[in-house]
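Please take these sequences and the hints and turn them into a complete structure.
2 protein chains.
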Amino acid sequence: MKVQITASDLIQMEQRKRAHLINSVGGFKSVCLIGTVDKIGQTNLAIFSSIVHIGANPPLISFIMRPDSVERHTLANILETGSYTINHLNKSIYEQAHQSSARYSKEVSEFDATGLSTEYKANCKSPFVKESNIQIELEFKQRIDLAINNTIMIIGEIKNIYFPEGCMQEDGFLDIEKAGTITCSGLDSYHLSKSLARLPYAKV
Amino acid sequence: MKVQITASDLIQMEQRKRAHLINSVGGFKSVCLIGTVDKIGQTNLAIFSSIVHIGANPPLISFIMRPDSVERHTLANILETGSYTINHLNKSIYEQAHQSSARYSKEVSEFDATGLSTEYKANCKSPFVKESNIQIELEFKQRIDLAINNTIMIIGEIKNIYFPEGCMQEDGFLDIEKAGTITCSGLDSYHLSKSLARLPYAKV
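So the protein lines, in turn, are chains A and B.
Be aware that the first sequence starts at 1, since it is given in the numbering used here, and climbs by one per residue.
Be aware that the second sequence starts at 1, since it is given in the numbering used here, and climbs by one per residue.
It should be emphasised that the hints constitute simulated quantities derived from the structure, not laboratory data.
Relax, there's no trap hidden among the hints.
Because identical chains cannot be distinguished in the list, a pair is counted as satisfied if it fits within a single copy or across any two copies.
Keeping only pairs whose Cα atoms sit at most 30 Å apart, straight-line, the calculated BS3-like set for lysine-lysine is:
1. Lys125 x Lys17
2. Lys125 x Lys203
3. Lys91 x Lys178
4. Lys17 x Lys91
5. Lys121 x Lys106
6. Lys121 x Lys141
7. Lys159 x Lys17
8. Lys91 x Lys194
9. Lys106 x Lys125
10. Lys106 x Lys203
11. Lys91 x Lys203
12. Lys91 x Lys2
13. Lys125 x Lys2
14. Lys106 x Lys91
Encoded structure:
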């Protein structure tokens, strides 16, 4: 016998409780740090758990942001520079990564506030997180305003991928568990992974 | 020293290899079965790993589908009935769930093909997966065609949530690890989770 929560229960639920429930009911999520910089060199770092694969050719990744949150620094910087980085979390840095969600003012870099280190590579304007094992450089491609609830979807194209040696398998699969990447659920729960299996391509 | 894959490497990469890499580089993902039915009662079940939380009030979840794939049955059914279900995977059913990705014809229900059971609840037209521990009923709200690569984003509103007793904490957090929910990475890799911690709301 299962517990049932109806639409009516959700409407009547205290706001913070509903946020916890709805954020956790969709399943485990990708959780990453997005690194950006503004035109005068002020860096910003924000944690996101709404990253999703859009397509492989061209290689596109999206994420969703609330317009009314601290994440607006991320949006403003992406629109200014056209550049951002996505950095995986691991168990050594998830507490610092979570701390980046505090409402720091624009003048404070979350790199300084959390103790995570900037890393600059090649011609990428935006900082990577040095302590992150898997790092992706993205170029901003499209902003889609979702009128249904005023959130914003940002789509970017992958320009460079960096990962530890020995983590990519012959067929292109990147073993993110081997690289120490963690997952999250809800607003504040972090989890290691334990591989069950890779399954063969399904045929009728 | 990390391995670097550039945009130029990605363009030259064999198509299937690139798909494996790009699907795994975004981090761990929610992986669920979406259950639908057409107007003459033919059921359909398809596995998706692009489910993402859009907002809590109203409670919205989105997923991305390729227009040229078997998933088109899911889209056609959602547009016909306005209804679908999202069902979490667990370690007892992930192999059957993966098998639902084979290219079955419209006349074959993936419920029959995989041996998973339909479950009907209340007034929901679409079938749930009986063997799934966390089940969500959704009402179709919006289709957004992503011109950048011809994928389609579907947004739905949560109408009912079903989960095992003892899995929701006082503050609304749903302990999906306790419910046995698993995660995936790439196109075919399934993983259990192991909780690290829930962290307190971050303050400056």
